Amino acid sequence: MTDRKKASAPDSGAYVLNSLNGEEANDFETQLAESEELRSEVTELTDTAVLLGLAVEPVTPSPELKAGLMARIATTPQLPREVAPVRTLHAVPPIAADQTAADDLSTAPDAPTSLAATVRRRWYTRPMVALTSAAAAVALILGGGVLVNTLHDNGVQSTQASAMSAIYSASDMKRVIAPVTTGGTATLVYSHSVGKAALILDGVPTLPSGKAYELWYIDAKGTPTAAGIIPTSTKSTYRVLDGTLTPGATIGVTVEPASGSTKPTTSPVVAIASA
Amino acid sequence: MLRLVGAGAGNEAGQGAVTPVGQNELLARVAEGDQQAFSELYDQLAPRVLGLVRRLLKDHAQSEEVTQEIFLEIWQTATRYDASKGGASTWILTMAHRRAVDRVRASQSSRDRDTRIGIRDLPTDYDNVSEAVEITVEHERVTRALQRLTELQRQAVTLAYYGGYSHSEVAEMLSVPIGTVKTRLRDGMIRLRDELGVAS
Chain Z
1 MTDRKKASAP DSGAYVLNSL NGEEANDFET QLAESEELRS EVTELTDTAV
51 LLGLAVEPVT PSPELKAGLM ARIATTPQLP REVAPVRTLH AVPPIAADQT
101 AADDLSTAPD APTSLAATVR RRWYTRPMVA LTSAAAAVAL ILGGGVLVNT
151 LHDNGVQSTQ ASAMSAIYSA SDMKRVIAPV TTGGTATLVY SHSVGKAALI
201 LDGVPTLPSG KAYELWYIDA KGTPTAAGII PTSTKSTYRV LDGTLTPGAT
251 IGVTVEPASG STKPTTSPVV AIASA
Chain L
1 MLRLVGAGAG NEAGQGAVTP VGQNELLARV AEGDQQAFSE LYDQLAPRVL
51 GLVRRLLKDH AQSEEVTQEI FLEIWQTATR YDASKGGAST WILTMAHRRA
101 VDRVRASQSS RDRDTRIGIR DLPTDYDNVS EAVEITVEHE RVTRALQRLT
151 ELQRQAVTLA YYGGYSHSEV AEMLSVPIGT VKTRLRDGMI RLRDELGVAS
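Top line first, the protein sequences correspond to chains Z and L.
Quick note: the first sequence uses our numbering, first residue 1, plus one each step.
Quick note: the second sequence uses our numbering, first residue 1, plus one each step.
Think of the hints as simulated: they come from the structure by calculation, not from any bench.
Since the model is a prediction, treat every value here as computed from it, not as a measurement.
Heads up, the beta-carbon is just placed ideally off N, CA and C, and yes, glycines get one too.
Check each hint, because a few of them may be wrong.
Stated by the list, open to error - Take a look, some chain Z residues computed to stay more than 12 Å from chain L by CB distance:
1. Ala55
2. Ser209
3. Thr244
4. Gly260
5. Thr266
6. Ala271
7. Ala273
Said to hold, decoys possible - Reference listing, derived: stretches of chain L covered by chain Z, where coverage requires no fewer than 3 residues with Cβ under 8 Å from a Cβ of chain Z:
8. 26-36
9. 47-53
10. 65-72
Excised from the complex, chain Z in its bound form:
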């Protein structure tokens, strides 16, 4: 025991730099649990390693990375807390985009409740690969409970996320990036097999209150059909377009009153043709 302790102390540097192999790291962690002094050293060296990490020049991720991630977390349960996970279920405050979408959808045959049910079914059949086996059984129950409640309060956001995931996972997914005339970029991702398109706005100007970006399908004759609203409370945001994408449609964006217009009242700030 004493020998091992002595032998493991020099490993602290390699440990915090993730330079040990798996077995050595496990051994070291056993030592760590037994020695306050070693823990203190490792804490300090870990903080030091973090400074090495923060010294690297930051790299801005693509807007699709975030859009895809937000879509995934909306349908991914969190691990339960380790101690007595009696958890106050807490509704994510709906953001304006979803509120608007909810209004739109309530008149559509696909009411949010049935869509939520679809998402929920999908989730239950999804393999729990991301969870460790010990936690999996518990998480399945608790995570399920959390998800159901989240969906109840925020079904449309999950529906958006679910549609976004469907587009991303389609084999015929395409992506077109175009500049927005007022600044920033718009990225159109779409799949004809899914029949859906989503628009990601990144770095676009925040609009004055009472205004929003409205999305349109524009057919070959130039006739616009409203496809949903994106408010710009955040710099980067996405919206899966309402309705069905028809081949050859152009997706346009105009600035409209926050409640949306039935026809565009301004010139498009960006228009992207889907091939």
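Fit chain L to the known structure of chain Z by using the hints.
Structure of chain L alone, referenced to chain Z:
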């Protein structure tokens, strides 16, 4: 090189500089399932995470993929985050480095070729960063601190952290026994800790 007064003196706590107030709070809200908080935390830290991951992996597309996995893990395990063990950025950057190393090791075969040229890359490895237009305070401090290490300590630490090499690979590259590498890594990190004024 020696710009900025604030580099050493202003940030005596070290951690104070790297964890703006708010990230810990955001992470606590993420643990409650708050997607908006997750979005804000991502905006603050994703460029840091991607920068670090890409440093190790080089390939941009693969780095974005790993970055997405890291943030998904943050979402899933935020409920287990223990604030008493360090700030949110410490937890996240530590996880990011570990996942980047995991990916490097997983694609080990393609790296065996690289081991030989790793050394040649080494001298420019951290100097390059200083050419960046936007030089962070952290970078300034770390570059200075790295210069205080012995040549061998600096090589070992740089290869391990920025290259993601295991101690046995580092040993091979520097032609020294593994035990010597471990000692250099520890001595080097302790020296860095002292130079950077990190205290628990």
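Now for the hints, and whether the structure bears them out:
| no. | hint | in the structure |
| --- | --- | --- |
| 1 | Ala55 | 4 Å, violated |
| 2 | Ser209 | 19 Å, holds |
| 3 | Thr244 | 27 Å, holds |
| 4 | Gly260 | 23 Å, holds |
| 5 | Thr266 | 28 Å, holds |
| 6 | Ala271 | 27 Å, holds |
| 7 | Ala273 | 26 Å, holds |
| 8 | 26-36 | holds (count 6) |
| 9 | 47-53 | holds (count 5) |
| 10 | 65-72 | holds (count 4) |
Going down the numbered hints, you'll see the structure goes against just number 1.
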